[in-house]
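Protein chains: 2
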Amino acid sequence: MTGRHRVVIVGGGFGGLHAARALRRAPVEVTLVDRRNFHLFQPLLYQVATGGLSPANIAAPLRAILKRQRNARVLLGEAVGLDPQRQALLLADGELTYDTLIVAAGASHHYFGREEWATLAPGLKTVEDATEIRGRVLAAFEQAERAASPSEVRALLTFVIVGAGPTGVELAGALAEIARVTLAKEFRAIDPTAARIVLLEGADRVLPGYHPDLSARAEAALRRLGVEVRTSTLVTDIEPEVVRVQRGDIAEFVPAHTVLWAAGVKASPLGEVIAAATGASLDRQGRVRVNPDLTVPGYPEILVIGDLAHCLGRDSHPLPGVAQVAMQQGAYAARLITSRLAGRTVPPFRYRDWGSMATIGRHAAVADLLGVRFSGFPAWLAWLFVHLMKMVEFSNRVLVLAQWAWNYFTFNRSARLITNTAAARPANPAPLRHASRRAV
Amino acid sequence: MTGRHRVVIVGGGFGGLHAARALRRAPVEVTLVDRRNFHLFQPLLYQVATGGLSPANIAAPLRAILKRQRNARVLLGEAVGLDPQRQALLLADGELTYDTLIVAAGASHHYFGREEWATLAPGLKTVEDATEIRGRVLAAFEQAERAASPSEVRALLTFVIVGAGPTGVELAGALAEIARVTLAKEFRAIDPTAARIVLLEGADRVLPGYHPDLSARAEAALRRLGVEVRTSTLVTDIEPEVVRVQRGDIAEFVPAHTVLWAAGVKASPLGEVIAAATGASLDRQGRVRVNPDLTVPGYPEILVIGDLAHCLGRDSHPLPGVAQVAMQQGAYAARLITSRLAGRTVPPFRYRDWGSMATIGRHAAVADLLGVRFSGFPAWLAWLFVHLMKMVEFSNRVLVLAQWAWNYFTFNRSARLITNTAAARPANPAPLRHASRRAV
Chain A
1378 MTGRHRVVIV
1388 GGGFGGLHAA
1398 RALRRAPVEV
1408 TLVDRRNFHL
1418 FQPLLYQVAT
1428 GGLSPANIAA
1438 PLRAILKRQR
1448 NARVLLGEAV
1458 GLDPQRQALL
1468 LADGELTYDT
1478 LIVAAGASHH
1488 YFGREEWATL
1498 APGLKTVEDA
1508 TEIRGRVLAA
1518 FEQAERAASP
1528 SEVRALLTFV
1538 IVGAGPTGVE
1548 LAGALAEIAR
1558 VTLAKEFRAI
1568 DPTAARIVLL
1578 EGADRVLPGY
1588 HPDLSARAEA
1598 ALRRLGVEVR
1608 TSTLVTDIEP
1618 EVVRVQRGDI
1628 AEFVPAHTVL
1638 WAAGVKASPL
1648 GEVIAAATGA
1658 SLDRQGRVRV
1668 NPDLTVPGYP
1678 EILVIGDLAH
1688 CLGRDSHPLP
1698 GVAQVAMQQG
1708 AYAARLITSR
1718 LAGRTVPPFR
1728 YRDWGSMATI
1738 GRHAAVADLL
1748 GVRFSGFPAW
1758 LAWLFVHLMK
1768 MVEFSNRVLV
1778 LAQWAWNYFT
1788 FNRSARLITN
1798 TAAARPANPA
1808 PLRHASRRAV
Chain B
1378 MTGRHRVVIV
1388 GGGFGGLHAA
1398 RALRRAPVEV
1408 TLVDRRNFHL
1418 FQPLLYQVAT
1428 GGLSPANIAA
1438 PLRAILKRQR
1448 NARVLLGEAV
1458 GLDPQRQALL
1468 LADGELTYDT
1478 LIVAAGASHH
1488 YFGREEWATL
1498 APGLKTVEDA
1508 TEIRGRVLAA
1518 FEQAERAASP
1528 SEVRALLTFV
1538 IVGAGPTGVE
1548 LAGALAEIAR
1558 VTLAKEFRAI
1568 DPTAARIVLL
1578 EGADRVLPGY
1588 HPDLSARAEA
1598 ALRRLGVEVR
1608 TSTLVTDIEP
1618 EVVRVQRGDI
1628 AEFVPAHTVL
1638 WAAGVKASPL
1648 GEVIAAATGA
1658 SLDRQGRVRV
1668 NPDLTVPGYP
1678 EILVIGDLAH
1688 CLGRDSHPLP
1698 GVAQVAMQQG
1708 AYAARLITSR
1718 LAGRTVPPFR
1728 YRDWGSMATI
1738 GRHAAVADLL
1748 GVRFSGFPAW
1758 LAWLFVHLMK
1768 MVEFSNRVLV
1778 LAQWAWNYFT
1788 FNRSARLITN
1798 TAAARPANPA
1808 PLRHASRRAV
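If you read the protein sequences in the order shown, they are chains A and B.
Read the first sequence against the numbering used here and you will find it ends at 1817, with the numbers running on by one and no gaps.
Read the second sequence against the numbering used here and you will find it ends at 1817, with the numbers running on by one and no gaps.
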């Protein structure tokens, strides 16, 4: 209609949204396609999974974010195919043609070929994942309150987290706090503070992507919270009520009712679509190997950014799948487009690593900012500040701060609803022996 | 164990919870049984359904509420039967014996024998209902943005609400605001402000349970918001994409994609369980006809309160199913128990009617407090104050106020997530013609 350069962006996560925002003054027409109607602030998803925040606290409607950006529109739709010759993105129910395509479709869980573990050990990528985990964790305490035997109570109060990256560490810390503080006095038959939180990690330290110094501090903080940290430990099988692990030559099992998955990540299936359509190659995690300018080899009008991109850093290792990388790549993609339209060239993408952080419960965190490593309360404050500042929509920022402040001073976790989940109505609940014994 | 008088309460709504709290100093052992782990502040559920609040804002964990009440415990369980001879409440997975039983199991939707309407026109009683409605409403706008023909857009942007009691009126007002203000500038292909909100009512006025003066004021306020109010209009059929109505001799149909049910209410099926076990009689809505002291005839140790009770008021009409009645009956039930234990008698339950209120969007409401009827901003403030004060848990009160204040000053509705709902992924979405036209 206007004849302006059409940019189609797939995915409203950190990468896609930052690309769209960075194009706000560019002479282009932006169409942002997402399956969901909201941007999700994934770094705080573990707070939803542990009842500290509501989903809406960490989500912002994409339309609201882009409301005033007149050169952008939002479409709810699912990208399923690509026709690079016609420059068309195929949706489940239509298609969109583009002059430039930015694919920022992200990643989801990966069970290393053991997809049957998915129902036994849910991962944490979507709002539904988070409410499902929240429901399972809370329902486990509820079932324990009514369980018949001490061994049953023990298994119900054992929570195993597979994977000690930032998500696993944060989940473990939050679960420990729920058990030790939030729920401490709320039950009559069980003692929630006796809950076991077991954090399993295949590498020889927690936060394996971080500096070893931070790993040590994080592990110490987790142990102070009563988390059992088991490194160099591989999960060999997950069955109902039991997790089998191997540490060196020793095979063990942990009786546990609740298992959470924070280990493997696999790129969106759109990676395969792109590979099939363009001949691009994928790495083991399904990420598209891109040129230094984030374009797909042979297709300068197709860019892949964020968790879906295999992009080498200065140390020749692929960049990690974190929000920081995605945001910088989104901004770079926008700059590449505007430069091309102006007939200028841009140097290859270079990642500026501001550092990394992880939080471990109330006022404990580890941080590595521009090489300065610190932990404890200052790190927690830094973590809080950085995450609040990063949140896209102002309304969320204010409310999240309010809710956090409240939780902080009261040790409260009010978003503790068991909703919409299989766990809400246990298929095979423990019999009410505790109660019927009283009936005698 | 202690030999103290055992009070079992079924249901953690307004009635059951108030009974439990009112027994906090009584020499009894209270067991509160609920299928859900939280108390839901139902009067604000329409705010969740329209994206103004998150579920956790209007829900409080039952355990958190009763945490410090040492004579009370909470059990997650489903009551399915009653053995009044053995004084045992049968649960889906066990049983509880009681000395006094208080049944406060509430009510749910009722489609007047047209249960097939349930999927076409969801009602609003649970958190899941609210998120389902929220998803449907938002998805309708999303589909309209991509719809092919003006008639399709028209149907997608038509919202029919069946029933103009407080819930229907509040839903209609909130929907009108979403369309006229919140979403106004967020779409590119459609104009959300053109949405039709149709409120259908079989009686000759909205809010038929209120004073006619308030009905007139509420109708005027709704019309100012652009709601089409159709009274004396009966729904004869609900089909996909069309609602058939009858007004006098005139049969009409309204093409509408989204239909919401705010009409019929039926008491919990526990009413039938009680009737079968005790011989008590039920009214047409399935409520148990109780004695003036809320006990079941012939069974002084069984009380029925709240929406499940058919209890006559001073005008010989049954009391309405509102929070106020349930709370007063809960307090009365507690007083009855403590008096009996002390060998005293209490006079029959008498309902003290403080008045009624309904809100119609931003700073518009109608109120009748102790016979003083007023509307507009003062009524809205009164409504806000009363509802905030009624909220059980302090944390919720503060946060709801914060969220409301924010929404009020910004016209924002940030809890606009399409999650976990059938509507999130339309089975048969409109083809993406708008987009493919651009592709030519």
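Everything labelled a hint here was simulated from the structure, so no lab data went into it.
Careful: at least some of the hints might be erroneous.
Repeated chains share a single entry, so a pair holds when one copy, or any two copies, can fit it.
[As the list claims (entries may be wrong)] Mimicking DSS-like on lysine-lysine, the simulated pairs with C-alpha atoms at most 30 angstroms apart in a straight line are: (1) 1767 - 1562; (2) 1643 - 1562; (3) 1444 - 1562.
Which of the numbered hints are not met once you compare them with the structure shown?
Checked against the structure, the only hint that fails is number 2, while the rest are satisfied.
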